[in-house]
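A.B. asks: Next come the chains, spelled out residue by residue.
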Amino acid sequence: MQKSKLQFKIKNYFFAVSVIFALLLIAVPVFAAEIYFKTDSTTVRPGDPLEVLVSLNTEKEDINAVEGTVLFPDDILKLENINEANSILTFWPEKPRVYDGNKIKFAGITPGGYQEKTGLLFSITFQAKKEGAGIIEIKDSRVLLNDGQGTPTDVKTPNFQFSIFKEAPISKSQILVSKEDKDQPEEFKPEIAQSPEMFEGKYFLVFATQDKGSGIDHYEVCEGSKKKCVIAESPYLLQNQELNQEIFVKAVDKSGNERVVTIPAQKPLPWYKNYFVIAILIIGLIIAGAILRKILWQRFIKSR
Amino acid sequence: MKSIIVTVFLILLALLSGSVYASIQEASTSLICGDGICSGSETCSTCPADCGTCPPSGGGGGGEAYIPPAPETKVIFSGRAYPKSTVTLLKDAQIAATTIAGVDANFQMSISGLSAGNYIFALYSEDKDGRRSSLLTFPVSVTAGATTNVSGIFIAPTIDVDKSEVKRGDNIAIFGQSAPQADIVISVSSEEEYFAKTISDRDGIYLHNVDTTILDYGVHYTKSKASIGNLLISSYGQVISFKVGTITVLKEIKPEISKGDLNNDNRVNLVDFSIAAFWYKRTISAEFKLKEAERLNGDGKVDLVDFSIMAYYWTG
Chain V
1 MQKSKLQFKI KNYFFAVSVI FALLLIAVPV FAAEIYFKTD STTVRPGDPL
51 EVLVSLNTEK EDINAVEGTV LFPDDILKLE NINEANSILT FWPEKPRVYD
101 GNKIKFAGIT PGGYQEKTGL LFSITFQAKK EGAGIIEIKD SRVLLNDGQG
151 TPTDVKTPNF QFSIFKEAPI SKSQILVSKE DKDQPEEFKP EIAQSPEMFE
201 GKYFLVFATQ DKGSGIDHYE VCEGSKKKCV IAESPYLLQN QELNQEIFVK
251 AVDKSGNERV VTIPAQKPLP WYKNYFVIAI LIIGLIIAGA ILRKILWQRF
301 IKSR
Chain F
305 MKSIIVTVFL ILLALLSGSV YASIQEASTS LICGDGICSG SETCSTCPAD
355 CGTCPPSGGG GGGEAYIPPA PETKVIFSGR AYPKSTVTLL KDAQIAATTI
405 AGVDANFQMS ISGLSAGNYI FALYSEDKDG RRSSLLTFPV SVTAGATTNV
455 SGIFIAPTID VDKSEVKRGD NIAIFGQSAP QADIVISVSS EEEYFAKTIS
505 DRDGIYLHNV DTTILDYGVH YTKSKASIGN LLISSYGQVI SFKVGTITVL
555 KEIKPEISKG DLNNDNRVNL VDFSIAAFWY KRTISAEFKL KEAERLNGDG
605 KVDLVDFSIM AYYWTG
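Note that the protein sequences, when read in sequence, are chains V and F. Quick note on this note's numbering: the first sequence kicks off at 1 and runs consecutively. Quick note on this note's numbering: the second sequence kicks off at 305 and runs consecutively.
Please keep in mind that the hints were generated in silico from the structure rather than gathered at the bench. Quantities reported herein were computed from a predicted structural model and do not represent experimental measurements. It cannot be assumed that every hint is accurate.
[As the list claims (entries may be wrong)] Okay, derived cross-link-like pairs now, DSS-like style, lysine-lysine, Cα gap no bigger than 27 Å in a straight line:
1. V/95 <-> F/585
2. V/105 <-> F/605
3. V/60 <-> F/529
[What the hints assert, rightly or not] Not close to chain V: a few residues of chain F, all C-beta gaps over 10 Å, as computed:
4. 371
5. 372
6. 485
7. 511
8. 520
9. 532
10. 550
The C-beta atom is built at its ideal place from N, Cα and C for all residues, glycine as well.
Using the sequences provided together with the hints, build the complete structure.
C.D. replies: Here you go:
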């Protein structure tokens, strides 16, 4: 009886081990893209900056779209800055911005795809408020393949653990003196467009550029004169739908460097409707009239 | 006195003609300082962004020290496309330069005036029939004052088929363009992937007839890649589909509706992105719903998937 029990046990063990081996043999390595955090130090002192790079490892997949939400503990970290300079994402349906005090949502694309291990998405600079420990995590992430169908791929999002205490070594990000950015934002070509599906078919302006040093801070659009500028986002509904004036688009980076691009009037006024031309004509006529009057007066005097 | 009148008249005439000429010029040209092209009235003093900085004026003997210009920050791209094809270079997804490849399919193009930093460059070409290649991207870290060479580029072949549906057992022609005398590998995906080899002619044209007896009924996908002397190998190009069925239907020559092109200009660029971004996470209008169904993924909303489709078909 005992012998049969032993045989049964051995059989069961053999079966279990066989199944495990079979599974190991069948198992195919699963590649998953990874959105991860990169930083110089995981420990900082209260009051110190903590710079975290949100990066993408595509794991040999060809990726062209990424989105997610970064969650951080706002009781011990204060958000100082979000920077998209040098990002692999060239266009943002949703630029990384803070919501509800402790969430940073983002969605961006890289046309043509990207296939590397260290693709910077954006960087976040925090300031450590007080002593404590916490994690920064990513939720609701999606990484899509560059296959023309937007197929999602598996994505890993490891948490970033950090601690803040008075005795922490001075962080590198505090030692590093930030390099001065003297370069203008990149060259760009704004375009005037029209679509029946938006702005009731009115003309609008689209523009986008990058700044490799400090990142783009904002854009300004000036219609007609460089003195009449408004802070704008693309797409921008043009006020002057006649398109008969120059448009200036100014890209300003976070260091205050500017690049201004001029779009000539698409439908310039004919010369007889141009105030400048009319003013010259009037001044000319006045001068000519005055000279003529003087000549006639002199002739009149001579004749007397 | 007459001479004064004549002089004033001439000055006025000059001012007027200048103003009218400027108006006409504005209407007929679209010069933009900052477009990367030094043209028209742009000079190094009026538009250094396009024409570069002005060289130091020589002579004079003022005793000023000559400061040599800072070395240019430049990236040079070279490789092979298709004979006499247009090659387009995108810098961070916007068109930065175009060139025409030689009869041997070789091309070279450069871009300067860059800042130090990370750029995503991308290249594509159009074959003799206007078919576009897939985008080939190059993340490049640019160093200030240095010239970076990106060489050995080999743009993937274009591909097309002569039938949208083929009767099982009949042949289907798979063709396209690559570099001259290149070894072309054609892949046809079925339950089993089927490979065929051919060689492009001196114009880079290739054609291969596939006997569909070996394929099951249903939709199949095909793509191609090229190699020269086993040293220069392209990636696989665009994937296209055809159906194996019970009848043969020739592929229509009419231009296909291109995915991602929301303003019907046969390009996918910032304008299309902006239109899609306008509807991002909003309830889309009935009018836009039709376009979304036709040119994006057709799920009745604009989200990341639609932008991914757009990014795949991007032309700049």
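A.B. asks: Which numbered hints are broken by the structure, listed smallest first?
C.D. replies: When the structure is compared with the hints, none of them turns out to be violated.
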